[in-house]
Each structure stands twice: as C-alpha cells, then as structure tokens.
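Work out the full structure: start from the sequences and follow the hints.
In mature numbering (1 follows the signal peptide of the UniProt record, and there is no 0), the protein residues as written are -29 to -1, 1 to 287.
No lab work stands behind these hints: they were computed from the structure. Don't take every hint at face value.
Claimed, not checked - No more than 27 Å apart at the CA atoms, straight line, and that leaves these computed lysine-lysine pairs for DSSO-like:
hint	residue 1	residue 2
1	K45	K131
2	K190	K219
3	K243	K131
4	K193	K219
5	K193	K243
Stated by the list, open to error - Label pairs and their calculated CB-CB ranges:
hint	residue 1	residue 2	range
6	R160	T61	17 to 25 Å
7	D210	L155	16 to 24 Å
8	R124	T86	41 to 49 Å
9	A241	T31	29 to 37 Å
10	D210	A10	27 to 35 Å
11	Q88	A239	14 to 22 Å
12	T237	D56	39 to 47 Å
13	S259	T157	40 to 48 Å
14	A242	G34	19 to 27 Å
15	D233	T157	35 to 43 Å
Glycine included, every Cβ here is placed at the ideal spot set by N, Cα and C.
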Amino acid sequence: MKLSVPGRVTATAVVATVSLLAGGSIAGAAPAGQPAVAAAPDIPVANVKAHLTQLQSIATANGGNRAHGRAGYKASLDYVKAKLDAAGFTTTVQQFTSSGRTGYNLIADWPGGDTNQVVMSGSHLDSVTAGAGINDNGSGSAAVLETALAVSRAGYQPTKHLRFAWWGAEELGMVGSRFYVNGLSTANRSRISGYLNFDMIGSPNPGYFVYDDDPAIEKTFKAYYAGLGVPTEIETEGDGRSDHAPFKNAGVPVGGLFSGADYVKTAAQAAKWGGTSGLAFDRCYHSSCDTTANINDTALDRNSDAVAYAVWELSQ
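Next up, the structure:
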C-alpha cells in the first residue's frame, strides 16, 4: 500500500513542475504524440480480505472446505464468476473429471488487446479437504480476482490481451491447469506471452519469494520489491508443485510469487523479513487452521499490489 503525506511537496514534484513549465515531460510520462504508459493501481487489501471472508463463509457452510468435487469448491467458483461477469469480463467454465469427481476451471478474458499476445494470471481455487484453504490458496485467488476487478474499474486498455484463471484440483496434482494447457492448440499456446502464478501469498510468517523461470518476468517482480526496499529470494520450495508447471512444460514463459508453506524460516530470513525463525512460513499449511486468521496483512497487501504491477507492466 502506497502512503502519501497530505500537504507535503517533494523534490520530485518540484522537478516535475519545473520540467513541465519548460515544456518537458515527467518521468514515466510518454513523449508528445505517444500514448501514455498506464501505472498500476494500488490494490486495496481490504477488498482482497473481503473476498477471503467470503471464501471462509463458503467453506464453513459446506463442510469446512472448498476441495475438488465438493460443494464448497463450486460455490467458490460461482462467487468469483459472478464478480467477473458483473465487471464486464467474458467468462468460461471448463469442466473435467478427476478422482471420480467433477472439477471446474474458470477463465476470464478482458475484452480488447492483441489476442496474439496474451498475458495470463492464475491461481488455484481449491483447498485440501482438511480446511478452508484461506492462505492456500484463497490468498492468490482473491488477489488475482481483485486485480481483475481493478482492470475493470480503471477501464484499462492494454496493448496485450489480459486473461485470468482460477484452477480446479491443483491439490490433486495441477489437474485443472494441466487440463487447460493440454486442451490448447499449438497456435493458442504460442499466443500466451506469459503466465503468472500466485499460490500462497499471505503466509502468516512470510517470506518474499520470486520465481526465476523467465528472466523478464522475474525482473518485473524484483523491480517492484526493490521499489519497496523489500529483499527477495528465488522460490524453490514449491518449484514444479503448482499451476505454472504445466505451462512451463509446454514452453510458455512463467513467473510468480510465493510467501512460503511448510518450510522453516531461517534466522537469516527472519533478520531480513521479520517474523519468527525456527517456525514454518505457514504452520497451518494443509490444516484445519488455514482460516482467515492465518493471513499476514502486510504480505497480502504487498503481494496483491505486485500482482497488479506485473499485469500492468507486462501487458503494455
């Protein structure tokens, strides 16, 4: 979350004013005759948390979980779809079968942009059967949803085409995302210029991990965190264990963020990021205590803003 101090004039503002008076342009603004470069909006963490509250309520009303093939999963998908439909997205529900139960993916396309260059962002919407799955992976699902809604609120018209996805049955081995990728023609697969994955981004004892699979996408996320003064590490704990894997295996450039699961935070990491060394990044990983109480607001806020930053930067 970006904070501003009312009534305070910064040196940057003074320089910008002088530049404009002299007929120049401010940093980040496009030269005369060229389209302006859109800046990503701040994603209100309160909005993201409101989605998490809804997912928790859905789980509570449906046997305590939102797992593949269960009523809680379908209700979660219906909630996300209704928000996207109301915001002007074109939504598609894909149906598949796994372990004898019906699963669903939700795909949402924002009208416009070059469909030969698709920037895709996704997260898995299912939980394990043990609990509500609010950090894993309500956190990623809610951040991607709120970023999509921010696209609509801004009336954003990127050069590239934006697509968002919520995957089913990730907890059974990336079943939903693999189903989607396997169903793409070679031509449609080649049109995806990048897939961004967000799986667990609000861990209660968080780290700040960036995927290193594609240099350009990795650089984008690192630039965002460098601007905050927050150091990052390369993500290794979940490598190949989330929905980016089918895309990567199909030759699509991938990237993403992760705040840690059941690995233990080291003393060096605690010194760098705060939190408690000797404890897991998420002590409630795949457990019944993965509820709305299992979220670090600062990590959720920073990572949600990073989702939007990458979507805007990579789609212009």
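Which numbered hints turn out to be false for this structure?
1, 3, 8, 11, 14
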